[in-house]
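Enquirer: Next come the chains, spelled out residue by residue.
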Amino acid sequence: MSGPESTATNGGSTIEDLAAGWVIDRSTESWTPERQADLDSWLAQSVAHRVAYVRIQASWSRSDRLVALRSPMQSRLGHSSPHKAPWSRIAAALGLIVVTGVFGANYLAQPKSQLIETPKGGQERLTLADGSQIELNTDSALRIDLHNRNRAVELVRGEAYFQIKHDPTHPFVVKASGRKIVDLGTKFTVRSTPKSLEVALIEGSVRLENAIPSASPVTLVPGDIALISAGKLSVTKISNNRMADRLAWQRGALVFHNTALADVAAEFNRYGGTQLVLGNTDIATLTVNGRFRITGAEDFAANAHEIFGLKVEHRGDTIVLSR
Amino acid sequence: MTDHTDHGRTHVDPRFQGAVITAPEVDAWFEREILPLEAALMQFLQHNWRNKSDIADLRQDVYVQVYEAALKGLPEAPKAFLFATARHLLSRRLRRAQVVPFEAVSDFDALGAAIDEPAIDRAVIARDELRRLQAAVDKLPPRCREAFLLQKIEGLSRPEIATRMGVAEITVRYHLKEAARLLADTLYGEPPTVRRPT
Numbered sequence: 027m028s029g030p031e032s033t034a035t036n037g038g039s040t041i042e043d044l045a046a047g048w049v050i051d052r053s054t055e056s057w058t059p060e061r062q063a064d065l066d067s068w069l070a071q072s073v074a075h076r077v078a079y080v081r082i083q084a085s086w087s088r089s090d091r092l093v094a095l096r097s098p099m100q101s102r103l104g105h106s107s108p109h110k111a112p113w114s115r116i117a118a119a120l121g122l123i124v125v126t127g128v129f130g131a132n133y134l135a136q137p138k139s140q141l142i143e144t145p146k147g148g149q150e151r152l153t154l155a156d157g158s159q160i161e162l163n164t165d166s167a168l169r170i171d172l173h174n175r176n177r178a179v180e181l182v183r184g185e186a187y188f189q190i191k192h193d194p195t196h197p198f199v200v201k202a203s204g205r206k207i208v209d210l211g212t213k214f215t216v217r218s219t220p221k222s223l224e225v226a227l228i229e230g231s232v233r234l235e236n237a238i239p240s241a242s243p244v245t246l247v248p249g250d251i252a253l254i255s256a257g258k259l260s261v262t263k264i265s266n267n268r269m270a271d272r273l274a275w276q277r278g279a280l281v282f283h284n285t286a287l288a289d290v291a292a293e294f295n296r297y298g299g300t301q302l303v304l305g306n307t308d309i310a311t312l313t314v315n316g317r318f319r320i321t322g323a324e325d326f327a328a329n330a331h332e333i334f335g336l337k338v339e340h341r342g343d344t345i346v347l348s349r
Numbered sequence: 015m016t017d018h019t020d021h022g023r024t025h026v027d028p029r030f031q032g033a034v035i036t037a038p039e040v041d042a043w044f045e046r047e048i049l050p051l052e053a054a055l056m057q058f059l060q061h062n063w064r065n066k067s068d069i070a071d072l073r074q075d076v077y078v079q080v081y082e083a084a085l086k087g088l089p090e091a092p093k094a095f096l097f098a099t100a101r102h103l104l105s106r107r108l109r110r111a112q113v114v115p116f117e118a119v120s121d122f123d124a125l126g127a128a129i130d131e132p133a134i135d136r137a138v139i140a141r142d143e144l145r146r147l148q149a150a151v152d153k154l155p156p157r158c159r160e161a162f163l164l165q166k167i168e169g170l171s172r173p174e175i176a177t178r179m180g181v182a183e184i185t186v187r188y189h190l191k192e193a194a195r196l197l198a199d200t201l202y203g204e205p206p207t208v209r210r211p212t
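Each protein sequence line maps, in turn, to chains F and Y.
Following my numbering, the numbering of the first sequence begins with 27 at its first residue and continues without gaps.
Following my numbering, the numbering of the second sequence begins with 15 at its first residue and continues without gaps.
One chain only, chain Y, in its complex shape (with noise of 0.2 Å):
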């Protein structure tokens, strides 16, 4: 993520001391920093707003205002951070709608669980990082998985694809595209501690 074009400087506020942060530094600090918590940040959301449909949103939205955040200073404690940022948004979400949902629970501190929780060990994560891509790999639908083998693996092109599959490349193109967006969301939004049943 440090290899594109960079548009972070116009949003850096000068009001901020040290160094200007630039975007593909915020990239690789988000990536290495936010996107490993997102399985808890993910349960902390589910636990906490009752309306499964907004989850998405609710984490889409948590990580635009962290991003924004870390665009003028990166923050000490990712993960304090991500979580206050989350329980913000999610406070400003039940005033503005007025109505305290039944479930929509007050006792944010289940968040308190998710900080504390003990950091998982980047070594764990290194060894474990193959076992779970193939998990992940494993859980997408059969021609989504078949697209992405073909092209990770096998190393084809996509017209070589279609052809093997027997379908046009459009097709191949919406495969892949389904398991970029599926793979993100095993890889990062389910706690690792889960094992697909055998």
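The shape of chain F in the complex, shown without the other chains (with noise of 0.2 Å):
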């Protein structure tokens, strides 16, 4: 930021930081016809004001632009795919009467546990007896323990949401990759891929055990990911918006911030539909930002099209970026 050195110019800078202000002041809400009347005085008080006050409203209206980045994004949520299998269907295939309440009926003669799967695309959500909830994204599964009194799932690959009642004498436990996430009441991701896993704490706490051989156990507070990746654990710290972003995924969006775009396209390539595919390496890297709706990598290959002038190849299901 240039802020403080912006002081001693009399033709440039502090003429500059007047007009910012002006026009950012001018496209809120309480912009009245008083204020109008005073940046009307003001930019006919020298040519200087009005050229600069010219030059940032253009440059500012320019980037109303980016708006383009943003796709319709309608709630889609409850019915986000195409593929999505109402939870009854799965729990009719699978045999499973209720989930809910499962974790009191042990003693019905059922079997140990239950896998719960995500289609390509698809996304479960589940409320346990207790109230707690359970989202699954696309590609997952998770198996529940239906025999002991512990309260555990096992996320056995792909992502899911925890929303859990915390109970003191029962913790709810989650399997993944090996090691245990303990609940200590709370909201929290896994995020399970054959190379890393990944645990984002939204609220609450939860003690993530044998995160690697022989540590101690590792306490998240909210806004911590931690993120285990041969045989390292790292964990980092994201504001509540950018926690929120990653979260998108329930509401039927996918959000990127400075992601490389090789990660864009893993990401919507999770989600089955339109698979992209770069056709340069060199590409991999350009930085994306936007939010996007989880099926619209289409859109997406539009926009990549437009800003970064990539040629967009159609082959069936596949779309080819490339230089």
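A few of these clues could be false.
Straight-line alpha carbon distances no greater than 27 Å define the calculated DSS-like cross-link-like pairs of lysine-lysine that follow [said to hold, decoys possible]: (1) F/213 / F/191; (2) Y/66 / Y/153; (3) F/263 / Y/153; (4) Y/153 / F/337; (5) F/221 / F/206; (6) F/191 / F/263.
Rough simulated footprint, nothing fancy, chain Y against chain F, three-plus residues with beta-carbon under 8 Å [stated by the list, open to error]: (7) 48 to 56; (8) 75 to 85; (9) 323 to 335.
Quick caveat, the hints were computed from the structure, so don't treat them as lab data.
From the three backbone atoms N, C-alpha and C, an ideal C-beta is built for every residue, glycine too.
Dock chain one against chain two, each of which comes alone in its own frame, and use the hints as you go.
Expert: Right, here's the structure in full:
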């Protein structure tokens, strides 16, 4: 930021600063005819004012085009994808009559565990007997231990959001990639891939056990993201709104902040549907910002064409991006 | 830039023939013809003026003169007119300083290069626009960028942004103001070919 240095010069910076103030205030709800009159008289005071204002207003208006990146994002929640199978159908397929009450129902002659799976592009919301909620993202599998009194699930693959009713005498445990995540009253997500395990804590607290062999448990606080990859654990902190953006999949959206194009493509591809393929490796690091529908790979490709000048080639269910 | 009150008429010199040009018309002309040349102008100024801290002021003075002239009649060849104005201004400044700084280049021929460079195709600019915008936004300081994105992309009001960012509204205003100022510098002042390493 270059604030403090912009004091001395009478021609450039100070006028620019004032002009920038007018430009941004003019688009607020609290803009009044009186303020407009003030602006008009400021503009009339000197051509220098007017020129500075015109210049900054012009680029500020231009930046409105970024909104083009915001794909129409109706709430697609609940029917977020054509692949989505309603929970009842999966339950029936599994021969599982009710999931609600499952933890108290262990006296029934039931298998020891049930596997809940979502196809690519599917999402599932489960409500447990105690009111806890689990939301499974695309291409994920969750094993629910029905047998003993422990509240325990295993994320076999993929990603899930947990909103757990805390019970100090029966802690809720998520197992994933051989690790244990113990709920201490909380909302969190777990994402498991063959190479890594990621736990993001939204509210409350969780304890991450045996994150790395023979390490002591790590307790996460809200905003923390723990990543275990290649035998190493790292914990980073992100802001509330970044965290909210990470959960945008629950509302059928993907949000990218300075995300490498390769990661963006991988993210879209997780959800099945049209697959994005990068034709050259040197475009992998182009950075992307924006918000897209989960099913919006084609919209994204169109934007990538416009923003990066990439060639977009449709091959069946695949879109190849190249330079 | 056509939606505010017209003060331009008072500046118009009746001796000049043709229709009276209004300030909003000049605003639009300035935005369309002059601002896209800013990167080239900055290059020219930097090339031909030693004291880098004067550059922003010089640019502002050039713009003022160009704008004032345009109120009397829009120049036919905006690019040539802009650079002629810049050259005059630098010459006058040099004379006034009475000392020719060592590096204050006498050869304003760099100007020739700037003028002769192939005109940037408008279609290219349009296609490049979003990419440039995105690069410009990426260059903003983090908090500044966050406030900007929350307003423009998320469409949040200033109080909402303040809540989301956990800061006072006045701080949000400061960030947005910085964003507006810095975006203009990047979008207009930097050569379009510059690509940030990613």
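Enquirer: Take the C-alpha atoms of residue 221 of chain F and residue 206 of chain F, compute the straight-line distance between them, and say whether it is at most 27 Å.
Expert: Holds: residue 221 of chain F and residue 206 of chain F sit about 17 Å apart, inside 27 Å.
Enquirer: Is the straight-line distance between the alpha-carbon of residue 213 of chain F and that of residue 191 of chain F 27 Å or less?
Expert: 9 Å, holds
Enquirer: Tell me if the straight-line CA distance from residue 263 of chain F to residue 153 of chain Y falls inside 27 Å.
Expert: Since the Cα atoms of residue 263 of chain F and residue 153 of chain Y sit roughly 22 Å apart, the hinted pair holds (cutoff 27 Å).
Enquirer: Tell me if the straight-line CA distance from residue 66 of chain Y to residue 153 of chain Y falls inside 27 Å.
Expert: Holds. Residue 66 of chain Y to residue 153 of chain Y sits at ~21 Å (cutoff 27 Å).
Enquirer: Count the residues of the region 323 to 335 of chain F whose Cβ falls closer than 8 Å to any Cβ of chain Y, and tell me whether that reaches three.
Expert: holds (count 5)
Enquirer: CA of residue 191 of chain F to CA of residue 263 of chain F, is that 27 Å or under?
Expert: Answer holds: residue 191 of chain F to residue 263 of chain F is near 24 Å, not above 27 Å.
Enquirer: Taking a Cβ-Cβ distance under 8 Å as contact, does the region 75 to 85 of chain F have three or more residues in contact with chain Y?
Expert: holds (count 9)
Enquirer: Test coverage of the region 48 to 56 of chain F by chain Y using CB-CB distances below 8 Å; three residues minimum.
Expert: Per the Cβ count (5), the hint holds.
Enquirer: Given the proposed pairing of residue 153 of chain Y with residue 337 of chain F, does the C-alpha separation stay at or below 27 Å?
Expert: 25 Å, holds
When each numbered hint is compared with the structure, no violation occurs for any of them.
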